[in-house]
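Spelled out from the first residue to the last, the chains are:
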Amino acid sequence: MTETGLQSEKLPAEPVAAPPARDLFAKFDPLLAERAALMGSGVRDPFGIVMEQVTSPTTAVIRGKETILLGTYNYMGMTFDPDVIAAGTRALEQFGSGTNGSRMLNGTFRDHVEAEDALKEFYGASGAIVFSTGYQANLGTISTMAGRGEYVILDADSHASIYDGCKMGDAEIVRFRHNSVEDLDKRLGRLPREPGKLVVLEGVYSMLGDIAPLREMVQVSKKHGCMVLVDEAHSMGFFGEHGRGVYEAQGLVLGEDVDLVIGTFSKSVGTVGGFCISNHPKFEGLRFSCRPYIFTASLPPSVVATAATSVRKLMTAHDKRARLWDNARRLHAGLKGLGFALGTETCDSAIVAVILQDQAQAVVMWQALLEAGLYVNVARPPATPSGTFLLRCSICAEHTSEQIDQVITMFASAGRLAGATE
Amino acid sequence: MTDRTAILDTLRTQIEPFNKKGVAITEATSFQGDLEWDSLTVMDFVAAIEDEFDIIITINMQAEIENVGQLADAVEKLKG
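So the sequence lines, in the order shown, correspond to chains A and B. Residue 1 is where the first sequence starts when you use my numbering, and the numbers rise one by one after that. Residue 1 is where the second sequence starts when you use my numbering, and the numbers rise one by one after that.
Bound-form chain A, shown alone (with noise of 0.2 Å):
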């Protein structure tokens, strides 16, 4: 870390041994007792999963056994790309294995530029910034386009970076019920009419995977003077005619209706990163006034080799776009099937929410599926909405019908087991 000049001069004679006065981890006890009550009845770790080894984008080694992965938000398939592989290999070859500082100073190599550029590309934007993560894309973005007297309105479902962003800040923050387009008129129409204001909206709500009814919803932030900021992580790569998200989708316009997207490289892209893109004149200003972009090191040169190739090469994945989108509508129309209650009534994206009653049958159904060799996310409140228990899968264009359907097998063994379907 930076040296701060407020170390003190002169070590003190008698170093001090007593314990602090309080014990700041006291404030943890109530969750490590949940998790130690969890684990007492038997059941495995859900957050301790480690994949010994992944040996495809839709299959891993975990506990020695092979596994389909319908958890990982890899949509597209790309981690194993030949092309995006080859130019990670290339970069670390050529520009070592990090950055070791921030993009403001001595972290911007030439991938950073080229990732920038593919995104510009890929959305027809005129202006692309490259994070280190999706959440500092959010924490950033947010934190520093809305300022004092100024106010961010967002989706009560909202992720936590976009959460987070808000805190940060110092604007003012008005939170509107989920997806409720009357619920934001509503809202925006008691603010004041001079302040500047920034509504969040997300393309994909991952917990259940719905999507936002971005074009009323715009409709409505703009009639109220708003700038609109769409997170599209969830749905980068296969919404839309170019892929741009859930706003291209519902046929809205980078620069008119839409002035930021938030989007993610951990997702369709297949490696890690986050970016903000703008076609707004003054958009490099965020990057010279942005501290989650200043502060921190940059993405090490394979990373960004990797995003840039891969975002180049889902610009025309139509194949995958399409395969992508059979896999989700045949494992949500087989889930249904079966009787479970599931996050969206249609196939909305590619995340399927399998709705359960408590944590016990969440994880008692969980810890079945992974035994039987699936691996899908367990999530519970407070990340979920309206304190729901959720099993929840992530499809990938690179899942076989068969895979697919023996998804659908296990959900049902593992639901007449939980006693989640008869």
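Heads up, a few of these hints could be off.
To be verified - So the derived label-pair ranges between C-beta atoms look like this:
hint, chain 1, residue 1, chain 2, residue 2, range
1, A, G98, B, G33, 43 to 53 Å
2, A, A18, B, A48, 46 to 56 Å
3, A, E34, B, Q70, 22 to 32 Å
4, B, R12, A, E182, 23 to 33 Å
As the list claims (entries may be wrong) - Simulated crosslink set (DSS-like; lysine-lysine; CA at most 25 Å straight-line):
hint, chain 1, residue 1, chain 2, residue 2
5, A, K167, B, K77
6, A, K120, A, K313
7, B, K77, A, K186
Stated by the list, open to error - Heads up, incomplete: computed chain B residues facing chain A, CB under 10 Å, no partners named:
hint, residue
8, S39
9, I49
10, D51
11, I57
12, N60
Read the hints as simulated data drawn from the structure, not as lab findings. Note that CB positions come from ideal geometry on N, CA and C, so glycine has one too.
Following the hints, position chain B against chain A.
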């Protein structure tokens, strides 16, 4: 009835559906400590209060409001 008394009466009515423990509501009743509301309940309740009084209680303001009396003060102020 003064404005503040009317506000407190309305708050009591609005708290009722969320008062699962049947706690007696006074100005000192705290949302987290006494009513033991989680963040999801707080969110639903705040939305209900905003709609009832046609006001906006920003998340920034919510951080400062711990009990029913403070909420009544905030509502009175926001109603102008």
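Check: Taking each numbered hint in turn, which are not upheld by the structure, reported in ascending numerical order?
Finding: 9
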